[in-house]
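Enquirer: Note that the protein sequences, when read in sequence, are chains A and B. Position one of the first sequence corresponds to residue 1 (our numbering), numbered consecutively onward. Position one of the second sequence corresponds to residue 463 (our numbering), numbered consecutively onward.
Hints are computed from structural coordinates only; laboratory data are not their basis. All values reported here derive from a predicted model rather than from experimental measurement. Keep in mind that the hints are not guaranteed to be accurate.
To be verified - The calculated lysine to aspartate or glutamate pairs, modelled on EDC-like cross-linking and capped at a C-alpha distance of 16 Å, are:
hint	chain 1	residue 1	chain 2	residue 2
1	A	68	B	523
2	B	530	A	118
3	A	430	A	449
4	B	530	A	66
5	B	672	B	523
6	A	406	A	375
7	A	361	A	375
8	B	530	A	61
9	B	752	B	821
10	A	361	A	19
11	B	748	B	762
12	A	290	A	241
13	B	892	B	918
14	A	68	B	528
15	A	68	B	580
16	A	430	A	359
17	A	164	A	375
18	B	748	B	710
This is what each chain is made of:
There are 2 protein chains.
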Amino acid sequence: MPIISPRTFRGTRDFLPSELLGRRRILQTIEDAYRRYGFQPLETPAIEYLEILTGKSEENDKLIYEIKRARGGEEDSAESAIALRYDLTVPLARVVAQYAELPRPFKRYQIQPVWRADRPQPRQGRFREFVQCDADIVGTESLLADAEIIALTYEVLRDLGFEKFRIRLSSRKLLFGIIDTIPQASIDGIDTPAIREALFVVPFARALDKFDKIGWDGVADELVSKGIYYQDAFAVLKSLEAALTGADFETAGKVFDDGVRGERGRRGVCEIREVFLTALNLGVPKVSIKLDPFLARGLDYYTGPIFETVLPDHPHIGSLSGGGRYDGLISTFSKQQVPATGTTIGLDRIQTALTQLGEFKTVPSTTQVLIARFDDAGVSENLLMAAELRRAGICVEVWYDEDRMKKQFAYADAQGIPIVLICGSEEREKRTVSLKTMRTSQQQEVSREALVATIDSLLRGL
Amino acid sequence: MPIISPRTFRGTRDFLPSELLGRRRILQTIEDAYRRYGFQPLETPAIEYLEILTGKSEENDKLIYEIKRARGGEEDSAESAIALRYDLTVPLARVVAQYAELPRPFKRYQIQPVWRADRPQPRQGRFREFVQCDADIVGTESLLADAEIIALTYEVLRDLGFEKFRIRLSSRKLLFGIIDTIPQASIDGIDTPAIREALFVVPFARALDKFDKIGWDGVADELVSKGIYYQDAFAVLKSLEAALTGADFETAGKVFDDGVRGERGRRGVCEIREVFLTALNLGVPKVSIKLDPFLARGLDYYTGPIFETVLPDHPHIGSLSGGGRYDGLISTFSKQQVPATGTTIGLDRIQTALTQLGEFKTVPSTTQVLIARFDDAGVSENLLMAAELRRAGICVEVWYDEDRMKKQFAYADAQGIPIVLICGSEEREKRTVSLKTMRTSQQQEVSREALVATIDSLLRGL
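My request is simple: use the sequences and hints to build the entire structure.
Expert: Now the structure itself:
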């Protein structure tokens with residue numbers, strides 16, 4: 001048979017042990033913080049009916065991997081189309097609509113992979129299969145919830161060792177407000193609020209989202225191409241930025257008094273203020289939050305506060321987290337209006353960032369003792385010792401083959417296994433074993449009875 | 463917009479928090495055992511190139527979910543076909559061939575979902591998306607490795623609380639040996655070993671695999687339909703069973719002396735003996751292993767010892783674990799011959815079994831303290847207390863809305879949150895808080911300064 005060339009699908013990765021063990025430490029830090037805030041875990045299937053996934057975000061619809069119904073006999077070809085989830089928020093919305101027994105508030109976290117048919121950009125931490133770590137609070141309109149999401153994000157990044165990061169905070173209502181201030185004449189006679197929103201808010205948000213990359217001119221070009229007369233909107237944005245940078249909420253609120261329909265914009269300013277002050281109350285340092293009217297967030301379903309985390313010194317790494325309030329999404333699946341807010345923390349972005357900062361730590365192995373194979377006659381005793389050490393909770397490998405000691409030590413060395421146990425015929429006769437501590441190369445002989453206790457204390461001393 | 467009915471794809475499941483927390487305890491037990499045996503974690507992508515997956519097992523090929531290349535612009539339609547993995551062994555074989563830097567032996571565990579377009583049978587623990595927990599040892603032909611896999615399986619099931627389980631043990635070489643004993647005339651003139659194997663071993667193994675379900679007659683019918691003259695094979699099987707049940711390896715070996723080509727069968731008996739005795743040496747009780755020539759394992763790629771775990775009192779629940787040695791699989795992807803052995807432990811089968819035994823424990827929540835919202839004026843103090851408790855590592859929820867205390871207590875009760883903290887205007891004036899222990903309904907007032915210490919000691923007493 002011809003050999004099939006071994007390779008991974010472009011945009012996906014294998015995680016070999018040493019990298020994965022480092023990655024798990026990041027995950028543990030995230031999960032610990034989620035639990036301190038009272039979030040409970042949820043898992044949903046990778047495969048969803050296509051109709052569940054589509055129609056929430058025009059951009060994401062293009063990125064959905066659809067699955068062929070299998071050729072085998074067990075599948076009903078009349079069954080509905082299926083696909084891989086592209087995020088964890090849509091499955092959460094489905095779950096909330098599907099199970100009446102869930103508590104309110106429902107605070108859930110979910111750490112699972114998602115798939116997007118995107119162009120992979122590994123240096124930016126963009127892949128086709130990547131892990132999202134979501135925390136969401138469902139069932140309350142209270143802005144305490146949004147503030148907790150921000151405090152949680154702060155604690156995760158702090159615990160991961162990031163020092164210079166900013167949580168950008170704004171409100172989708174600010175964007176609605178800015179659209180509202182655009183003079184009626186400038187939007188070609190269209191003038192119901194719903195049409196304004198559909199036609200302008202999302203394109204406006206998307207254009208604004210690219211501000212960091214394409215600058216004023218780029219955003220302006222994009223708005224012109226959508227038929228949005230942007231000059232007034234820009235003026236509003238600039239005065240907002242000045243006011244919010246100084247946390248001058250009064251001036252920011254007044255910006256909207258000049259517009260004919262300033263109401264929603266003013267509500268956005270109030271929202272930002274409340275979330276900001278509550279987050280400070282929860283212990284987030286002022287310097288970690290940036291009130292930023294240029295924050296837009298591309299997703300269509302946000303309705304209230306929005307937030308994302310960036311590393312100001314590493315702009316080429318995309319946002320480490322992003323989220324916001326989405327009070328309308330769940331009603332896609334239910335007659336109920338259920339408010340919700342939450343964030344995604346991107347494990348892969350975080351790993352990429354830590355790696356580029358030189359702070360990502362790999363761990364070669366978790367094995368604590370290698371029992372060397374000195375001679376064939378010792379195999380049976382080696383197995384008994386392995387069983388004894390494992391009963392004491394110690395992680396042990398037994399060498400399987402008749403190899404030279406040099407090879408066995410080289411393995412322990414490369415794997416970072418701290419202790420090698422040798423038990424030759426001499427030791428067996430004396431009922432002793434030799435323990436070599438790899439880091440110091442020191443070897444000691446201990447009685448067979450003291451084996452577990454000695455190894456325990458050696459491991460504690462490491 | 464019409465409401466999309468919220469539902470999960472048939473054969474897949476959501477895991478809501480209380481079930482998932484119980485499920486995580488199972489996973490933790492499995493992972494702890496894997497680590498004690500010195501296995502290191504690996505993760506591979508859900509999506510593989512189709513050519514990586516196909517051709518390893520005729521049965522599994524039919525169950526592969528292929529993925530459509532996305533409609534979006536970023537995908538190159540000329541790229542190769544892609545699909546979801548159906549197990550974790552084929553990705554492991556690819557990984558071993560792909561990365562020269564992996565150690566030898568490479569002891570890896572992998573706990574990830576797999577997908578099969580199968581008919582779902584939830585009561586039997588069969589789903590289309592399910593989690594496999596694999597442990598494999600790559601790079602040694604030593605049967606110590608196979609014995610360790612059996613000992614590991616024993617410890618996992620023991621630690622999970624199973625009492626009556628049997629690890630069935632046989633060798634694929636025994637099957638080769640049985641085929642070898644079929645008289646030449648009975649197989650229609652075909653007589654090279656390779657053709658014998660291709661034509662008979664796999665169908666024979668598959669038919670035998672169904673023995674528990676379809677009995678002697680069923681197996682016989684299936685063999686006849688494949689043109690296999692089975693009478694001699696059955697006679698061999700029956701004498702083998704008698705010998706192996708009494709662990710009478712000498713008689714078992716002699717069975718093959720009667721066959722013209724008894725060599726491989728005898729080697730199978732030797733293998734079984736060595737693995738069996740080594741597993742006992744590693745601490746596995748004799749009663750937990752069943753030497754069983756009727757064990758076949760359906761997969762095509764096994765070459766040596768094979769094993770699976772069953773619950774004799776619950777035959778309708780499929781095997782909880784299954785595995786074996788597969789010395790040829792990795793050469794699909796590499797010119798190197800790399801020996802390997804390992805097992806899969808089925809998380810979903812185990813959860814199904816524990817549930818049916820009444821031993822599966824759900825956990826409603828991990829939150830330890832709910833800070834009630836007694837009045838609006840207390841919100842700010844509540845947040846400060848939440849931050850303080852979280853800094854001490856305690857899992858805390860803050861109530862978000864202006865609700866009656868009754869509703870807040872009902873939430874704590876339903877979620878199994880052990881302590882509710884109340885801090886009204888009176889308490890704030892006195893710099894105290896009231897702590898209610900939900901289980902006993904006892905309430906105590908403690909000074910604000912003693913908050914963390916008191917809650918710590920209450921939690922320790924639970």
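Enquirer: Now, for every hint given, state plainly whether the structure supports it.
Expert: Status of each hint after checking the structure:
For the suggested pair residue 68 (chain A) and residue 523 (chain B), the alpha carbons sit about 14 Å apart, so the restraint of at most 16 Å is met. Between residue 530 (chain B) and residue 118 (chain A) the alpha-carbon distance is near 14 Å, which keeps this suggested pair within the 16 Å criterion. Only pairs whose Cα atoms come within 16 Å are accepted, and residue 430 (chain A) paired with residue 449 (chain A) is accepted, the gap being roughly 11 Å. At most 16 Å may separate the alpha-carbon atoms for a hinted pair to count; residue 530 (chain B) and residue 66 (chain A) meet this at roughly 5 Å.
Taking the CA atoms of residue 672 (chain B) and residue 523 (chain B), the gap is near 20 Å; set against the 16 Å cutoff, the hint is violated. With a CA separation close to 14 Å, the supplied pair residue 406 (chain A) and residue 375 (chain A) stays within the 16 Å bound. As the CA atoms of residue 361 (chain A) and residue 375 (chain A) are separated by approximately 37 Å, the hinted pair breaks the 16 Å bound. Annotation: proposed proximity of residue 530 (chain B) to residue 61 (chain A) holds, straight-line Cα distance about 14 Å (limit 16 Å).
About 25 Å separates the Cα atoms of residue 752 (chain B) and residue 821 (chain B), which puts this hinted pair outside 16 Å; it is violated. With a C-alpha separation of about 8 Å, the suggested pair residue 361 (chain A) and residue 19 (chain A) falls inside the 16 Å cut-off, and the hint holds. Between residue 748 (chain B) and residue 762 (chain B), the direct Cα distance comes to roughly 29 Å. Violation of the 16 Å bound is thereby established for this hinted pair. Taken as a hint, the residue 290 (chain A) and residue 241 (chain A) pair is honoured in the structure, with Cα atoms around 10 Å apart against an allowance of 16 Å.
Taking the CA atoms of residue 892 (chain B) and residue 918 (chain B), the gap is about 22 Å. The hint is violated against a cut of 16 Å. Restraint check for residue 68 (chain A) and residue 528 (chain B): satisfied, since their Cα atoms lie roughly 5 Å apart, inside the 16 Å limit. Between the alpha carbons of residue 68 (chain A) and residue 580 (chain B) the distance comes to roughly 14 Å, so the proposed pair stays at or under 16 Å and holds. Straight-line distance between C-alpha atoms of residue 430 (chain A) and residue 359 (chain A) comes to about 48 Å, which puts the hinted pair past the 16 Å bound.
Pair hint residue 164 (chain A) plus residue 375 (chain A) does not hold up; C-alpha atoms about 56 Å apart against a cutoff of 16 Å. Proximity of residue 748 (chain B) to residue 710 (chain B) is assessed by CA-CA distance (about 14 Å); at most 16 Å being required, the pair is judged to hold.
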